[in-house]
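Novice: Based on these hints, arrange chain B on the given structure of chain A.
Here is how the chains run, residue by residue.
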Amino acid sequence: MSKMIAIIDFGAGNLMSVKNALDYLNVDGRITDMSDEIAKAEKLILPGDGSFGFMMEELRKKGLINPIKEFISSGRPFLGICLGLQALFEESEESLGVKGLSVFKGKVVKFKKGKVPQIGWNKIICKKNASSRSIFFDSYMYFVNSYYAAPEDRSIIAAMTDYYGNFTSAVSFKNITAVQFHPEKSGNFGLELLRKWLEC
Amino acid sequence: MLAKRIIPCLDVKDGKVVKGRSFDRLKYAGNPVALAKKYNEDGADELVLLDITASYEKRKIMAEAIRKVAKQIFIPLTAGGGIDSIEDMRNALNAGADKVSINTAAVKNPKLIRQAAEIFGSQCIVVAIDAKKKGRKWEVYIEGGRKAAGLDAVKWAKKAAALGAGEILLTSIDKDGGKRGYDIGLTRLVSESVNVPVIASGGAGSLADIKNVFEKGKADAALGASIFHYGKFTIKEAKKYLFKKKVEVRL
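Chains as they are written, first to last, in my numbering: chain A, 1 to 200; chain B, 1001 to 1251.
Just chain A, with the same shape it has in the complex (with noise of 0.2 Å):
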């Protein structure tokens, strides 16, 4: 196993940004869309913009569910970004029949009130009942979402968030962390929380 980071590339999203954090962050990040590089990272980044349904598919087509989800099974550190968190849903009301990587159950909604897409800092509240290792602190992240996920297992949800009611912001389960907001665009508390995933 390599000391890289694979990123992996659906063909939408802002990318860069996220191997420019980890760039400055001084770690191996990889842009790839290669299932090998998927198989050989110490971590992997799902990140993602766009839609629920494009994400999926175009996941499907480049072959990568079966290596994403054999990665996460092997225990390694799996973070998933926006998009890359609601994939790991059933299901979303942005793109319904489409099938998600279902690594939890539970399914991914639509803000009902207030404008939409959710754009800028809301507050991350950590849950103190989280593991021990948590990565999260309460701080304000960077969101740009109109969908979040509703997890049926709530013992996953590492941080909520208010938006016209509190959501879950990121989710924490063994090896697989996820967020709703952006790290990378979260100046320097973002980095922070980039740099203790990395570490862990």
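Check the hints yourself; a few may be wrong.
To be verified - DSS-like mimics (lysine-lysine), calculated; alpha carbons at most 27 Å apart, straight line:
| no. | chain 1 | residue 1 | chain 2 | residue 2 |
| --- | --- | --- | --- | --- |
| 1 | A | 123 | B | 1240 |
| 2 | B | 1068 | A | 196 |
| 3 | B | 1216 | A | 123 |
| 4 | B | 1244 | A | 123 |
These aren't lab readings, by the way, just hints derived from the structure by calculation. As the structure is a computational prediction, the values presented were derived from the model and not from experiment.
Specialist: This is chain B only, laid out in the frame that chain A set:
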């Protein structure tokens, strides 16, 4: 809940920030990376880089400025100024911008908004509207405020949002540079008419002006150029003031 955003805008010409000379509290004025870093440390919530270079050839220099800033600063970056095609947008986004702002090109070809939103997603398409009061309404101006477009600002904002704009950057031509406050009436009217965030611009001269545009103008974000450039207030000072006045900000 969402914090109100403070967004400094850097005017970039030939790869250098202009207006920077009077930027007393900042060293290395003129260097976009140094200024962006300083603003980031000072608590800026986003940055706008506005290309005021006239010629097409110099766009590459702008892309280089974006690239350098994006490698060092990890807050959202918006690139604007003279962007008039999908290709221009792609170049700016590939250089590391998170959003692009379009103005004249959107008025001349509204379909560009929809096309851009379909390709890149609404979240990265900002439609900039320059408006000037005319009677009881506000009229849209294009080409850097030189030409009336014959459109009502509120109607145009609604249309832009319906076509897929993710945010509206609203500048009052009447108030711009006057340092006597934002155009509260215009900002409020637009903000209450669209379901996307509105960034107010033009007229900030005091910290109370910023508070007013959030509270009375219902703006989601406030853009500031000279108020921060000339060192009258730092962003940190502005945020501390807003926090005291119970406006939610990211400190």
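Novice: Indicate, hint by hint, whether the structure satisfies it.
Specialist: Results for each hint:
no.: 1; hint: A:123 / B:1240; in the structure: holds, 17 Å
no.: 2; hint: B:1068 / A:196; in the structure: holds, 25 Å
no.: 3; hint: B:1216 / A:123; in the structure: holds, 24 Å
no.: 4; hint: B:1244 / A:123; in the structure: holds, 18 Å
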